[in-house]
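Chains as they are written, first to last, in my numbering: chain P, 6 to 357; chain Z, 6 to 357; chain B, 6 to 357; chain L, 6 to 357.
In case anyone wonders, no lab produced these hints; they're calculated from the structure.
Hints may be right or wrong, so weigh each one.
The calculated lysine to aspartate or glutamate pairs, modelled on DMTMM-like cross-linking and capped at a C-alpha distance of 20 Å, are [stated by the list, open to error]:
id: 1; chain 1: L; residue 1: Lys322; chain 2: L; residue 2: Glu281
id: 2; chain 1: L; residue 1: Lys317; chain 2: B; residue 2: Asp314
id: 3; chain 1: B; residue 1: Lys341; chain 2: L; residue 2: Glu281
id: 4; chain 1: P; residue 1: Lys322; chain 2: P; residue 2: Glu245
id: 5; chain 1: B; residue 1: Lys8; chain 2: Z; residue 2: Asp112
id: 6; chain 1: Z; residue 1: Lys138; chain 2: Z; residue 2: Asp61
id: 7; chain 1: Z; residue 1: Lys20; chain 2: B; residue 2: Asp314
Among the chain Z residues that face chain B by a calculated CB cut under 10 Å, a handful are [stated by the list, open to error]:
id: 8; residue: Glu50
id: 9; residue: Gln98
id: 10; residue: Ile337
id: 11; residue: Ser346
id: 12; residue: Pro347
id: 13; residue: Lys351
We put the CB at the ideal spot given by N, CA and C, even for glycine.
Below are the chains, spelled out letter by letter.
There are 4 protein chains.
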Amino acid sequence: MTKQVHYSDYLQLDKILNAQALESDLLQQHAHDEMLFIVIHQAYELWFKQLLFEIDSIAGIMQNPVNDNSPELQTVVHRLNRMVTILKVLVHQIDIMETMTPMDFLDFRDMLRPASGFQSWQFKLVEAKLGLKYQHRHGQEYYVSQLRQEQIDVIRKVESEKSFIELLNAWLERMPFFEETDNWINFRATTTTPALAEWDGGHSPFWTDYRNIYSTGLAEAEQNNLQFFDSVFSDAAGTEGRHLSPRASRAALFIMLYRGYPILQLPFQLLNSLLEIDEQLSTWRYRHMNMVHRMIGTRIGTGGSTGRDYLKGALDKHYIFVEIARLTSFLIERRKLPVLSPEMEKRLGFVS
Amino acid sequence: MTKQVHYSDYLQLDKILNAQALESDLLQQHAHDEMLFIVIHQAYELWFKQLLFEIDSIAGIMQNPVNDNSPELQTVVHRLNRMVTILKVLVHQIDIMETMTPMDFLDFRDMLRPASGFQSWQFKLVEAKLGLKYQHRHGQEYYVSQLRQEQIDVIRKVESEKSFIELLNAWLERMPFFEETDNWINFRATTTTPALAEWDGGHSPFWTDYRNIYSTGLAEAEQNNLQFFDSVFSDAAGTEGRHLSPRASRAALFIMLYRGYPILQLPFQLLNSLLEIDEQLSTWRYRHMNMVHRMIGTRIGTGGSTGRDYLKGALDKHYIFVEIARLTSFLIERRKLPVLSPEMEKRLGFVS
Amino acid sequence: MTKQVHYSDYLQLDKILNAQALESDLLQQHAHDEMLFIVIHQAYELWFKQLLFEIDSIAGIMQNPVNDNSPELQTVVHRLNRMVTILKVLVHQIDIMETMTPMDFLDFRDMLRPASGFQSWQFKLVEAKLGLKYQHRHGQEYYVSQLRQEQIDVIRKVESEKSFIELLNAWLERMPFFEETDNWINFRATTTTPALAEWDGGHSPFWTDYRNIYSTGLAEAEQNNLQFFDSVFSDAAGTEGRHLSPRASRAALFIMLYRGYPILQLPFQLLNSLLEIDEQLSTWRYRHMNMVHRMIGTRIGTGGSTGRDYLKGALDKHYIFVEIARLTSFLIERRKLPVLSPEMEKRLGFVS
Amino acid sequence: MTKQVHYSDYLQLDKILNAQALESDLLQQHAHDEMLFIVIHQAYELWFKQLLFEIDSIAGIMQNPVNDNSPELQTVVHRLNRMVTILKVLVHQIDIMETMTPMDFLDFRDMLRPASGFQSWQFKLVEAKLGLKYQHRHGQEYYVSQLRQEQIDVIRKVESEKSFIELLNAWLERMPFFEETDNWINFRATTTTPALAEWDGGHSPFWTDYRNIYSTGLAEAEQNNLQFFDSVFSDAAGTEGRHLSPRASRAALFIMLYRGYPILQLPFQLLNSLLEIDEQLSTWRYRHMNMVHRMIGTRIGTGGSTGRDYLKGALDKHYIFVEIARLTSFLIERRKLPVLSPEMEKRLGFVS
């Protein structure tokens, strides 16, 4: 190759390193910590761009039928894990912000109005692409009032497209195993009753069997877990307000239960990395909330909100993969698991 | 010295390394991950012991009148910062626990009943010694039902003694400065009205002046911050349910405002490290809560509680130093600060 | 279950929390920081015990022929990753030690002679079980002089048994693929010469082909990389001082190159986690070395060594999986990779 | 304020988020991981800019005579600690880079030649501003050959100006205490001999006294530590190749020894934060070196160097504050410290 690439050109450092203009300098009231404030937000936005880039690539792969152990699935898991690693650094980065004391922030805070971290449309895009819809957002009106129209348009467009969790649902629904045949478990006649056999529309004795074992293991105080179980897995359950269909939920639980089989190893890693992403996002919001509280107390933020309250509201509502997380409630001990038939074991990649 | 110390004896490794007996081995159903479960809890308890040791040493120092820039105060700050460093590792350590999957936990979970992390009386002691009283605890009855009588007795005894935050209050109240004289600021006649002069019982024109500046800077939507201001700093305010008196609160705010003066540097570091401790404790509870949710979902914990709900309840209620954190709400810009008189500057250690 | 398990009994906290006896208290010269010194070393030893427990379980699995995508291999990878997570916390834990200043250490340092962190036989066991032999240790004589005979015996016994890296070598050698047939790649006649076909004893045209591509891609200044290549992969190469045979090395490189194929996904994760373990161990030694330097400078340690020099010597010599790490030198661009035949693709688990 | 500041304008996100052009896209061989490669380097450069900004502000303060407990000194310590916090995140950020596997890097590596991380002139500026001179750099010629002339000029200019460590030396030399009077310690006649009194040119009996105590405490094997002691503290010692004069070194040691006195508290924190900075820089280089080794093995880097060798060479040579670190070698136990006279105690801010 004859072209000579130079580090500073390649990284376009003339742009990157000349994008810091302090408002406090414009107003001739230089506030030292404003540089930190700008740089850290720019670093966050760079990483948000990277997160979006990874999500788009993953969604691109998931849009096509993905074989459960194809190289593409490995790529999906790898990139989700990269997102987790990035999010951990973003959480750590709050330590840097916290070296700014409230008094130091006050030196330039008023000069920034009405700018606010709330206006990071890239972060909202991350949430939207993963699966957060407008109607589930905390503080919807505020959200519309703060962003520019073109930014709202971009987010709305993303909200109207297939999100990652919808692609995930489709992928889980495609898993063939347990719906198609009656004979893939070693029937345990004692635990299956005709009544239960009706439970999921007669598709699979596995789930009626499983429901029975689960039900037996519940403590007295846990009885409404069984109703919850039915509402998640039964085909009679409505789909209102949920991302994962009963069928997809059954597939996900099956993956968790039998994750040791070759064909389920990557799918299990995939589900696990989604929980990690939610957890890191959640930790980020929580530490962010604490930081805002420490910085401005009960004062109103530069964007006009009581910053802490907004973040607190989002804490619970913005979990994307909560439906996967709660499947944990439905696990049973490994030694009580229905034993799969040799035929099924073979299909799951186990070669004796 | 003639005595020969050996590493293994010195660390009593025969005790430490022979204190892991797996219930699943006793029941001849070896569950590999139970070792991790034991070891990580033991590591936590070791560190809790260290935290208690540091708190006791700090309280010992604070029980005596502490000069504001004595070596002892430096020691207090140093040890509080060490506690922060330890807490950060404890938060990080949750990563290790999360390498245990819910299915792996199920292999031995039932064997542990009714043991529960809730029974860590050392952690409760940490909270109590810092300042959390029984009546402010989330889930008081549960707490009594779970611990052994001798453990409850220990905690109750600590609750009846002077906690760290009470020692802190006394120390802040001892700060002499602003109560004793009318003349230590450069009076800004324009901002002080007779009405305001009455505000803190006539002790100090500084605070009436300060209140005026603060009030002027409040946005329209923030007007109830002024009532809040009065409820925190005015001597007319009751003391019901609070740890810091108006006098101590004024001293703490003064420290934040004028932290640059030599005599206030260590006091400022001290207040800051307390906020760090609360934040790390809070992050620990939050990640802990998420981990429990991921591990058992909505099932009932081994101790009989819905673990996640308990932890969630504690999140807000167990902040110890919230009264310091909220002082941030009352800061004003540095350039608007009342200018101190040369006499006062000298007392604060500033040598021109 | 009728047995009632209690947290404090289960964790044997009476042992764990009563194993801290300060030498400085015995000598009636209480040194506050000695408690930290004891507790942190005990925490380290607890985690070393856990690391040993994981290594033993992994070695137990690897001793049997492990199918390349069996549940057992997944377990191996999972536990290696857990070890990485633990090691990261151990590195972080050095932050706590560093809250002890040199002057604070001096308060009790002389009382500990000749105890020394060097006497942690558990850490030496970790190294030995992974694959470090006596003759490759830095400072062998010192090592013998410091430990007790029974501890030396334990380590020597482990050194004489199959270490993890030897089990790894056997596992890699068992991989069947490329040795058995001439026809599993799409022959690229242009790049293969008869001379090269001789290269690995005629077993496989793949490697002669690969060597040719690799050789072509080397810059002029890199020509001795080719000799290095031959010394690693050619059967003519001696086995003196190496853990991985040419055959095993070829298998490992193949895994790195074609990691996308289903059957190679877990093996790739396994190799990767070994590099992580070495890297974390190395970072631990490095930060440890810096800490010792900061603590005692060029003085001689309590055990009689110049602590820093020992640790520095160990830095390079104690890499266990260096032979895997250096395989990176032999990678070629993905687009230049020999294309596998459909038959081979099928064997690697790819279903078209 | 009537001006309306918007988040995206304020952060100039149009520049920041449009500065990623993939070489692999230009060559129509899209390599997914190149985006990560660009973004992470840009994030590093943003933080290097922030580090430079902090160093400049600190140097600006130190250029003026700084009172030992003035607000300015507190600002210096605060900003040095911020630098430590930033460096910790930069070290952590390597985790993200390590999610790129060697094969993924190969997909675009050749397209970047001869660009190289070595061309980060900002990082070289950080080193230069702290105190690293051209003649102490590892690989000087390489350094000149890689950078652009204007970048070399900038670094050379900085090298010719007063670096931070030179300002530190001057500040330490300004400390008045022990040079001026014979009477500020409680003379311990038994330990002082006339011969020793000559040691530092007769300026101060303190140091002759101290040298005697130190010498007595040395083990037999440590005798050349005494020569080292003399070479560091004696005025007869040459100044060739050193940053800190004997006088400044004495002041720094005195600060470490008597750090508890009010006036020495901030100076002690300052010295400590410098050691932290060196340690984080060193950990960064070490992990960086390991990462490069893992990524390209023994191949030659895009910039033409064997990347790992360069970084390894820099490891030892680029410590900036090594002269402060090694003072640890000269500490003595607190209980053996010369007792200061009441007059001196008063000057150090201790009010009885």
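> Close enough to count: is the Cβ of Ser346/Z nearer than 10 Å to one in chain B?
Replying inline: Status violated, d = 38 Å.
> For the hint on Glu50/Z, does the least C-beta distance to chain B fall short of 10 Å?
Replying inline: For Glu50/Z, the interface hint holds, since the closest Cβ of chain B sits about 6 Å away, which is under 10 Å.
> CA of Lys20/Z to CA of Asp314/B, is that 20 Å or under?
Replying inline: Violated - the C-alpha atoms of Asp314/B and Lys20/Z are around 32 Å apart, more than 20 Å.
> If you take the shortest Cβ to Cβ gap from Ile337/Z to chain B, is it below 10 Å?
Replying inline: violated, 35 Å
>> Given the hinted pair Lys8/B and Asp112/Z, is their Cα-Cα distance within 20 Å?
In response: With a Cα-Cα distance of about 17 Å, the restraint between Lys8/B and Asp112/Z holds, given a limit of 20 Å.
>> Is the interface hint satisfied for Lys351/Z? The criterion is a beta-carbon contact with chain B at less than 10 Å.
In response: violated, 32 Å
> Is Lys322/P within 20 Å of Glu245/P, Cα to Cα?
Replying inline: With a Cα-Cα distance of about 16 Å, the restraint between Lys322/P and Glu245/P holds, given a limit of 20 Å.
> Holds or violated: are the alpha carbons of Lys322/L and Glu281/L at most 20 Å from each other?
Replying inline: Between Lys322/L and Glu281/L the Cα gap is close to 17 Å, so the pair holds against 20 Å.
> Hey, Lys341/B versus Glu281/L, does the alpha-carbon distance stay inside 20 Å?
Replying inline: violated, 46 Å
>> Check whether the Cα positions of Lys317/L and Asp314/B lie no farther apart than 20 Å.
In response: Between Lys317/L and Asp314/B the Cα gap is close to 17 Å, so the pair holds against 20 Å.
>> Does the closest beta carbon of chain B sit nearer than 10 Å to the beta carbon of Pro347/Z?
In response: violated, 37 Å
> Does the alpha-carbon distance linking Lys138/Z and Asp61/Z stay inside the 20 Å limit?
Replying inline: holds, 17 Å
Of the numbered hints listed earlier, those contradicted by the structure are 3, 7, 10, 11, 12, 13.
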